[in-house]
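Sequence order for the protein chains is A and B. Numbering of the first sequence is given in my numbering, commencing with residue 10 and proceeding in unit increments. Numbering of the second sequence is given in my numbering, commencing with residue 325 and proceeding in unit increments.
Worth flagging that the hints you see were computed from the coordinates, not collected in a lab. Hints are supplied without guarantee of correctness; some may be wrong.
Computed cross-link-like contacts, EDC-like style, restricted to lysine to aspartate or glutamate with a CA-CA straight-line distance of at most 20 Å [what the hints assert, rightly or not]:
| # | chain 1 | residue 1 | chain 2 | residue 2 |
| --- | --- | --- | --- | --- |
| 1 | A | Lys628 | B | Glu377 |
| 2 | A | Lys160 | B | Glu377 |
| 3 | B | Lys536 | A | Glu132 |
| 4 | A | Lys160 | B | Glu549 |
| 5 | A | Lys160 | B | Glu482 |
| 6 | A | Lys160 | B | Asp566 |
Just so you know, these numbers come straight off a predicted model, no measurement behind them.
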Amino acid sequence: MAYEYPDPSVYDTLPKLLRFNAERHPTEVALREKDYGVWTEFTWADYQERVRNLALAMHEAGLRKGDVFAIIGDNNVDWICAELAAQSVGAMTIGFYRDVLEDEIAYLAGYSQAKMAYAEDQEQVDKFLALGDRADSIEKIIYSDQRGMRKFDDPRIVSFNDLVTRGAEIHAKSPELYDQLVDAVTGEDVAILCTTSGTTSNPKLAELPHGNFVRHTQLYLKHDPKDSTDEYVSVLPMPWIMEQVYTLGFGLNSRMKVSFPENEETAMQDMREIGPTFLLLAPRVLEQIAADMRARVMDAGPLTQWIFEKGVALGTEAVEQGSRSWLADTMLFGALRDRLGFSNVRSAATGGAAMGPETFKLFLAMGVPLKQLYGQTELLGAYTLQDGKEIDVDTVGVPFEGCEVKIIDADTDGVGEIVTRHPNMFRGFYKNAEATKADMKDGWMHTGDAGFFDDKGRLTVIDRVKDIAQTRTGTKFSPQYIENKLKFSPYIGEAVILGAGQDYLTAIICVRFSIVSKWAEKARIPFTSYTNLSDRPEIYELIRGEIAHVNESLPETQKIRKFLLLYKELDADDGELTRTRKVRRSVIAERYGPIIEALYGDGDRAEMNSEVTFEDGRKGNIQASMKIMEVDGAAAPALKKAG
Amino acid sequence: MAEAQTLESGESAAPSGYADTRTIGGPILSVENIVVKFGGVTAINDVSFDVREGEIRAIIGPNGAGKSSMLNVLNGFYKPRSGKINFAGQSFPAMDPYFAASNGIARTFQNIALFRGMSTLDNLMTGRMLKMKRNFFWQCLYFGPAQKEELENRAHVERVIDFLEIAALRRTPVGRLPYGLQKRVELGRALAMDPKILLLDEPMAGMNVEEKEDMSRFIIDVNEEFGTTVILIEHDMGVVMDLSDRVVVLDYGSKIADGTPDEVRANQDVIDAYLGVSHD
Numbered sequence: 010m011a012y013e014y015p016d017p018s019v020y021d022t023l024p025k026l027l028r029f030n031a032e033r034h035p036t037e038v039a040l041r042e043k044d045y046g047v048w049t050e051f052t053w054a055d056y057q058e059r060v061r062n063l064a065l066a067m068h069e070a071g072l073r074k075g076d077v078f079a080i081i082g083d084n085n086v087d088w089i090c091a092e093l094a095a096q097s098v099g100a101m102t103i104g105f106y107r108d109v110l111e112d113e114i115a116y117l118a119g120y121s122q123a124k125m126a127y128a129e130d131q132e133q134v135d136k137f138l139a140l141g142d143r144a145d146s147i148e149k150i151i152y153s154d155q156r157g158m159r160k161f162d163d164p165r166i167v168s169f170n171d172l173v174t175r176g177a178e179i180h181a182k183s184p185e186l187y188d189q190l191v192d193a194v195t196g197e198d199v200a201i202l203c204t205t206s207g208t209t210s211n212p213k214l215a216e217l218p219h220g221n222f223v224r225h226t227q228l229y230l231k232h233d234p235k236d237s238t239d240e241y242v243s244v245l246p247m248p249w250i251m252e253q254v255y256t257l258g259f260g261l262n263s264r265m266k267v268s269f270p271e272n273e274e275t276a277m278q279d280m281r282e283i284g285p286t287f288l289l290l291a292p293r294v295l296e297q298i299a300a301d302m303r304a305r306v307m308d309a310g311p312l313t314q315w316i317f318e319k320g321v322a323l324g325t326e327a328v329e330q331g332s333r334s335w336l337a338d339t340m341l342f343g344a345l346r347d348r349l350g351f352s353n354v355r356s357a358a359t360g361g362a363a364m365g366p367e368t369f370k371l372f373l374a375m376g377v378p379l380k381q382l383y384g385q386t387e388l389l390g391a392y393t394l395q396d397g398k399e400i401d402v403d404t405v406g407v408p409f410e411g412c413e414v415k416i417i418d419a420d421t422d423g424v425g426e427i428v429t430r431h432p433n434m435f436r437g438f439y440k441n442a443e444a445t446k447a448d449m450k451d452g453w454m455h456t457g458d459a460g461f462f463d464d465k466g467r468l469t470v471i472d473r474v475k476d477i478a479q480t481r482t483g484t485k486f487s488p489q490y491i492e493n494k495l496k497f498s499p500y501i502g503e504a505v506i507l508g509a510g511q512d513y514l515t516a517i518i519c520v521r522f523s524i525v526s527k528w529a530e531k532a533r534i535p536f537t538s539y540t541n542l543s544d545r546p547e548i549y550e551l552i553r554g555e556i557a558h559v560n561e562s563l564p565e566t567q568k569i570r571k572f573l574l575l576y577k578e579l580d581a582d583d584g585e586l587t588r589t590r591k592v593r594r595s596v597i598a599e600r601y602g603p604i605i606e607a608l609y610g611d612g613d614r615a616e617m618n619s620e621v622t623f624e625d626g627r628k629g630n631i632q633a634s635m636k637i638m639e640v641d642g643a644a645a646p647a648l649k650k651a652g
Numbered sequence: 325m326a327e328a329q330t331l332e333s334g335e336s337a338a339p340s341g342y343a344d345t346r347t348i349g350g351p352i353l354s355v356e357n358i359v360v361k362f363g364g365v366t367a368i369n370d371v372s373f374d375v376r377e378g379e380i381r382a383i384i385g386p387n388g389a390g391k392s393s394m395l396n397v398l399n400g401f402y403k404p405r406s407g408k409i410n411f412a413g414q415s416f417p418a419m420d421p422y423f424a425a426s427n428g429i430a431r432t433f434q435n436i437a438l439f440r441g442m443s444t445l446d447n448l449m450t451g452r453m454l455k456m457k458r459n460f461f462w463q464c465l466y467f468g469p470a471q472k473e474e475l476e477n478r479a480h481v482e483r484v485i486d487f488l489e490i491a492a493l494r495r496t497p498v499g500r501l502p503y504g505l506q507k508r509v510e511l512g513r514a515l516a517m518d519p520k521i522l523l524l525d526e527p528m529a530g531m532n533v534e535e536k537e538d539m540s541r542f543i544i545d546v547n548e549e550f551g552t553t554v555i556l557i558e559h560d561m562g563v564v565m566d567l568s569d570r571v572v573v574l575d576y577g578s579k580i581a582d583g584t585p586d587e588v589r590a591n592q593d594v595i596d597a598y599l600g601v602s603h604d
């Protein structure tokens with residue numbers, strides 16, 4: 010479909026694109042939001058009016074070009090209106106993940122000297138108020154959810170709706186002001202300060218200029234075209250680069266309709282009501298959906314189980330031969346698609362981590378055309394994408410046109426660090442020239458990822474360069490690669506592979522509670538809690554079988570010798586995972602030092618004394634003792650590998 | 325004590341930037357010399373107290389002290405032998421349940437009393453029954469006035485759903501929900517009535533710490549956001565002392581103390597009732 014996207018040399022900022030759409034398609038639906046159980050629609054004219062009024066009021070309150078505007082809250086219309094309004098006056102926006110703790114906000118808001126903030130509700134406003142001196146640059150805090158706000162008497166707090174009303178008055182008095190403000194911002198100005206995920210240190214802020222953002226999203230759209238008949242449901246974290254690319258970049262360039270679910274828990278149901286044509290789901294979400302599906306099938310009657318097993322087998326077989334099985338589709342996948350809200354999906358992307366071949370094929374068999382992509386915040390999100398012509402579990406496809414990707418310091422297998430440059434990449438890290446210098450060399454962004462190109466020019470990403478480890482005997486291995494293999498087991502939720510500088514590899518495993526608890530119920534194994542379940546000998550035996558199964562596909566020197574089941578799940582709040590749920594190895598090494606020592610000792614138990622952080626920020630101590638088990642003996646007796 | 329008082333900020337250990345903006349009014353409901361007997365057993369013996377508009381009033385006491393009986397007197401389930409109840413500018417020897425409900429007294433039960441087979445939404449809609457005026461004929465016809473009424477009431481229920489953060493449970497049959505959420509739905513049904521006074525009979529019984537924290541938050545929010553007067557029976561002393569403005573203590577059917585949480589905590593009779601005293 011040849012839909013003409015607006016000319017990026019004229020409409021070079023996001024607010025200009027919004028104005029363009031509002032002028033040409035005022036009555037067409039742009040956004041939807043579910044409130045009080047009802048989908049509320051916003052046309053392009055409504056969208057523009059809300060942004061305009063808010064921008065005028067923010068301008069009056071003192072927000073100027075070059076200021077920083079912070080945003081925190083759930084994905085909704087107010088979030089993106091606040092973002093676009095701030096960008097209309099030329100401010101740069103930072104989005105915070107909604108569950109970040111005060112310290113992270115204090116660091117980023119303080120470092121960027123944010124001048125105003127949008128905080129959706131009382132919980133989020135609280136976070137800013139609690140900062141006190143640490144964020145004294147903030148002059149206004151805008152909230153949109155009235156609930157619980159009565160008891161605040163801080164003069165900096167203003168309501169979103171009051172600002173919108175005020176903005177309408179300003180517009181009535183000086184109708185040209187908004188256009189003047191918008192026209193004063195150019196494609197060269199920074200639109201977004203996007204936080205990088207920071208697996209290693211405090212997050213950095215990548216400066217993404219308006220023009221670059223608009224041009225790069227149009228380039229992406231060339232490879233995956235969208236138009237106003239496309240539907241998208243915004244469920245990924247709003248501050249994340251890909252959600253920004255889709256909700257703002259795709260939305261404003263192609264007029265793809267964006268819908269916001271009522272809240273996190275209703276997201277799946279709301280998605281089903283909308284029936285999106287396009288989605289991006291993180292591999293772990295897909296794994297979770299597949300795992301939930303299996304858990305439910307385990308609960309179902311024998312006939313349903315039989316249909317499921319048969320359907321999955323038929324469907325995957327067909328997919329492997331490059332077709333789809335109509336029988337499996339009628340029997341199983343049609344209903345599954347409908348159940349998950351994937352009935353209208355025309356295009357689907359995944360990326361950010363590797364995913365299991367079984368899960369990947371399961372979704373292909375279901376008729377969800379998954380394509381893997383690869384990218385970084387600094388490079389405006391994705392810049393490689395699979396073409397979807399064949400099943401390809403391993404690579405992330407070929408780079409977009411004009412994006413140069415090369416491998417440096419390659420070893421004999423062609424594996425080396427991935428470096429990239431393209432004309433629309435980030436400008437540098439905000440107020441952090443040192444970090445910019447460290448990552449950018451001669452105009453190339455050093456991604457820190459290790460990978461290689463295959464003979465078709467497709468890129469394969471293996472792991473972080475610095476995470477590729479070496480045992481004492483000199484064997485190189487990628488912990489993440491083995492961890493992913495483990496995580497393809499439905500029973501394993503998280504895994505951490507250890508072995509750098511040691512004689513052999515070991516694993517710390519967190520069981521996937523939803524599935525293992527079901528399995529335990531079926532097997533009539535009593536348990537009280539996650540910790541208790543993880544300590545059961547039957548569960549140890551179950552996981553041992555799974556690891557032995559993975560060991561079969563690993564070279565002798567990379568086989569996992571011992572493992573233990575951790576007494577708790579790894580948690581982002583405890584700093585063990587990043588907000589995007591990647592394992593933070595340094596934190597694990599530090600916190601679980603005694604456990605790691607025990608794994609390489611002679612004993613058969615590991616003792617642990619650890620500190621946990623509760624959701625409200627309080628801390629507590631937990632003592633635990635875990636068995637250590639050796640992985641010898643047979644693999645799990647031919648586990649039913651669904652999908 | 326003054327007829328109306330405003331709790332100023334700084335009275336408790338509230339952090340700066342916060343203010344208690346509630347207005348506590350005069351007595352909205354009071355009981356005088358209530359006596360309830362079951363056969364030869366005196367469940368409540370000559371108890372008097374009042375409840376001020378906008379406050380959270382707790383009734384506490386050991387098992388069998390007559391707390392639930394007192395609540396049942398307040399909304400008309402039990403008829404006292406003697407004494408009177410003053411409410412809505414009138415004085416009654418006993419409350420009439422229908423009068424209580426239609427004049428804004430809603431309650432939840434110690435043992436959950438929901439329609440287990442019905443969805444959360446339908447359960448909440450039953451809380452609006454009293455506000456629906458259209459008769460059977462109109463309901464059958466559906467379109468027109470009955471539909472308009474249904475929509476108005478549904479909108480109200482949706483606000484309650486939003487308030488209690490149970491949007492994801494709208495279509496779930498209540499029987500399938502965990503205990504803590506059923507309690508929340510029950511609170512929701514009471515709130516759907518748009519009550520002036522909310523009677524909560526052990527809203528946190530059997531809950532874990534996290535569920536208790538959630539429920540406490542909701543009770544405080546109901547009280548602060550809507551100005552609803554709350555009368556609360558609760559066993560968890562921590563919760564009672566944190567939530568309530570004033571506490572009345574019953575023991576063996578008699579009132580042994582009445583006052584702020586601090587006064588009650590220091591009262592020797594209360595300490596004796598809870599910890600026991602030697603009788604030699």
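Evaluated hints:
1. A:Lys628 with B:Glu377: Measuring from Cα to Cα gives roughly 39 Å; hence the hint is violated.
2. A:Lys160 with B:Glu377: 19 Å, holds
3. B:Lys536 with A:Glu132: Holds: Lys536 (chain B) and Glu132 (chain A) sit about 18 Å apart, inside 20 Å.
4. A:Lys160 with B:Glu549: Holds - the C-alpha atoms of Glu549 (chain B) and Lys160 (chain A) are around 10 Å apart, at most 20 Å.
5. A:Lys160 with B:Glu482: 24 Å, violated
6. A:Lys160 with B:Asp566: Roughly 17 Å separates the two Cα atoms, so the pair holds.
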